[in-house]
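A.B. asks: Residues per chain are reported as follows:
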Amino acid sequence: MSNAPRLTALDALHRSLGATMTDFAGWDMPLRYASERDEHNAVRSKAGLFDLSHMGEITVTGPQAAALLDYALVGNIGGVATGRARYTMICREDGGILDDLIVYRLGDTEYMVVANASNAQIVLDALTERAEGFDAAVRDDRDAYALIAVQGPESPGILKSLTDADLDGLKYYAGLPGTVAGVPALIARTGYTGEDGFELFVEPRHAETLWRALTEAGAPAGLVPCGLSCRDTLRLEAGMPLYGHELTTSLTPFDAGLGRVVKFEKEGDFVGRKALEAAAERAATNPPRKLVGLVAQGRRVPRAGMAVVAGGQVVGEVTSGAPSPTLGKPLAIAYVDAALATPGTEGVGVDIRGTHEPYEVVALPFYKRQK
Amino acid sequence: MSNPQQLRYSKEHEWLSAAEDGVSTVGITEHAANALGDVVYVQLPEVGDTVTAGETCGELESTKSVSDLYSPVTGEVVEANQDVVDDPSLVNSAPFEGGWLFKVRVAEEPEDLLSAAEYTDFAS
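Residue numbers (full-length UniProt numbering), protein chains in the order written: chain U, 1 to 371; chain P, 1 to 124.
None of these hints come from the bench; they were simulated from the model.
Where is the CB? At the ideal position from N, CA and C, for every residue including glycine.
Certain hints may be false.
[Said to hold, decoys possible] Within a straight-line C-alpha distance of at most 27 Å, the following computed DSS-like cross-link-like pairs (lysine-lysine) qualify:
(1) U/Lys-266 <-> U/Lys-171
(2) U/Lys-329 <-> P/Lys-64
(3) U/Lys-171 <-> U/Lys-263
(4) U/Lys-46 <-> P/Lys-64
(5) U/Lys-171 <-> U/Lys-371
(6) U/Lys-368 <-> P/Lys-64
(7) P/Lys-64 <-> U/Lys-290
[To be verified] Not everything, but these chain P residues come out facing chain U in the computed CB check (under 10 Å):
(8) Ala-35
(9) Asp-38
(10) Val-40
(11) Glu-59
(12) Glu-61
(13) Lys-64
(14) Ser-65
(15) Val-66
(16) Pro-88
(17) Ser-89
[What the hints assert, rightly or not] Quick list of simulated restraints, FRET-style, between CB atoms:
(18) U/Lys-371 <-> P/Glu-79: 46 to 52 Å
(19) P/Glu-109 <-> U/Val-295: 39 to 45 Å
(20) P/Phe-122 <-> U/Pro-177: 51 to 57 Å
(21) U/Asn-3 <-> P/Ser-124: 24 to 30 Å
(22) U/Ser-118 <-> P/Ala-107: 47 to 53 Å
(23) P/Ala-94 <-> U/Gly-18: 17 to 23 Å
(24) P/Gln-5 <-> U/Gly-222: 34 to 40 Å
All chains, please: the whole structure from these sequences, using the hints.
C.D. replies: In structure tokens, the structure reads:
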């Protein structure tokens, strides 16, 4: 197997725009084009354009597609209406999180599962293995799609100028097939920024046409191309978990404060049920640590892996941290001993290269858009 | 990007002005500022500190990472740029001007500082 990074269909375009590129899960992706702070602020106040073609699409079809997904994932996938999407997770038998996913129901017997780039192969393998005995087919569609996201308050207006699709009728976490700038696309009202926005799944050969049309249509509204750096600060402010940071195989959805995605009430068995029932009980009665937000009182920036401290003791660990352009302060998401996880708890700090910097414990998210 | 002719440069991407009354100004280059991304926090040496050529004397924190600040010369710090402490984005917007970091009374210079042309080659 080659170790050369994978390139998206928009690679040459990113380079012509002067993007700083970075390796992400084996893909060469834009980190930022100019200032990541400006890109972040554009998404909060206007609009930003993202290449997310590294995400892993897997199509599941067949009479028992829903039954397979109900068995393989922790969510109630059979209960998703056609045209809607669901945030869910795939767990191991021991309840550990293999990945967090968005599942789109494209038809009665057709679903698209979108996995994180770093986990796409793991999810594909797990679904393929779990499909045994089901009348359903699992198809690797990673090369079939490019994914372009337009996010921010101006995104509906920008997209409307390029499509006849009924965007007003398209709810959050829904998707419909349509045409954007003459290009066939699955138009989904999803995102990872805390803003209104759309994700457009298109054939890779159409990606550049779509990107250029969105750039042109969006320029008067202040749309700018955005890289993964601001995507991370946007999702952090919105309190959204990132696989490998807040979510890992050593944690269950209940440990991550996301037990609501586990649907015990759905019919039939599913992978991880037994372990997750125990995890739910543990989280309700005696949780070891809880996921919280931390807001810096100073200006030094917490990073993943730094210790959370109180009274000279290590009481937790930072999973994500960054300066927040919106709040103007450094923020962290951290797992903290349950006794210290209540918002407003005093005396909590982060060990930043030997100095214990004071932090305020807050509930997530840090930022919620005005609707 | 152009590196001012009148400055000299270290391989750790600091610039050093010609000494006036024995005092030189230190900053980081535009190349380094671009590589860091948006600088959000700077920790500078304090007035009276002795800094040593090639050794850490502070840190520069950007959105994604933290980097050590090295001193290009040995000497005593006579001024730290409070403006850049208050507004670290000056490092990005004016690395050779308002984004300077500290002034040092030079006791000893290393022999391997680069000219603008040499640094441009080195950093490209």
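A.B. asks: State for each hint whether it applies.
C.D. replies: Results for each hint:
no.: 1; hint: U/Lys-266 <-> U/Lys-171; result: holds (24 Å)
no.: 2; hint: U/Lys-329 <-> P/Lys-64; result: holds (14 Å)
no.: 3; hint: U/Lys-171 <-> U/Lys-263; result: holds (23 Å)
no.: 4; hint: U/Lys-46 <-> P/Lys-64; result: holds (23 Å)
no.: 5; hint: U/Lys-171 <-> U/Lys-371; result: holds (13 Å)
no.: 6; hint: U/Lys-368 <-> P/Lys-64; result: holds (23 Å)
no.: 7; hint: P/Lys-64 <-> U/Lys-290; result: holds (25 Å)
no.: 8; hint: Ala-35; result: holds (8 Å)
no.: 9; hint: Asp-38; result: holds (5 Å)
no.: 10; hint: Val-40; result: holds (4 Å)
no.: 11; hint: Glu-59; result: holds (8 Å)
no.: 12; hint: Glu-61; result: holds (5 Å)
no.: 13; hint: Lys-64; result: holds (6 Å)
no.: 14; hint: Ser-65; result: holds (8 Å)
no.: 15; hint: Val-66; result: holds (7 Å)
no.: 16; hint: Pro-88; result: holds (8 Å)
no.: 17; hint: Ser-89; result: holds (8 Å)
no.: 18; hint: U/Lys-371 <-> P/Glu-79: 46 to 52 Å; result: holds (50 Å)
no.: 19; hint: P/Glu-109 <-> U/Val-295: 39 to 45 Å; result: holds (44 Å)
no.: 20; hint: P/Phe-122 <-> U/Pro-177: 51 to 57 Å; result: holds (53 Å)
no.: 21; hint: U/Asn-3 <-> P/Ser-124: 24 to 30 Å; result: holds (26 Å)
no.: 22; hint: U/Ser-118 <-> P/Ala-107: 47 to 53 Å; result: holds (50 Å)
no.: 23; hint: P/Ala-94 <-> U/Gly-18: 17 to 23 Å; result: holds (20 Å)
no.: 24; hint: P/Gln-5 <-> U/Gly-222: 34 to 40 Å; result: holds (38 Å)
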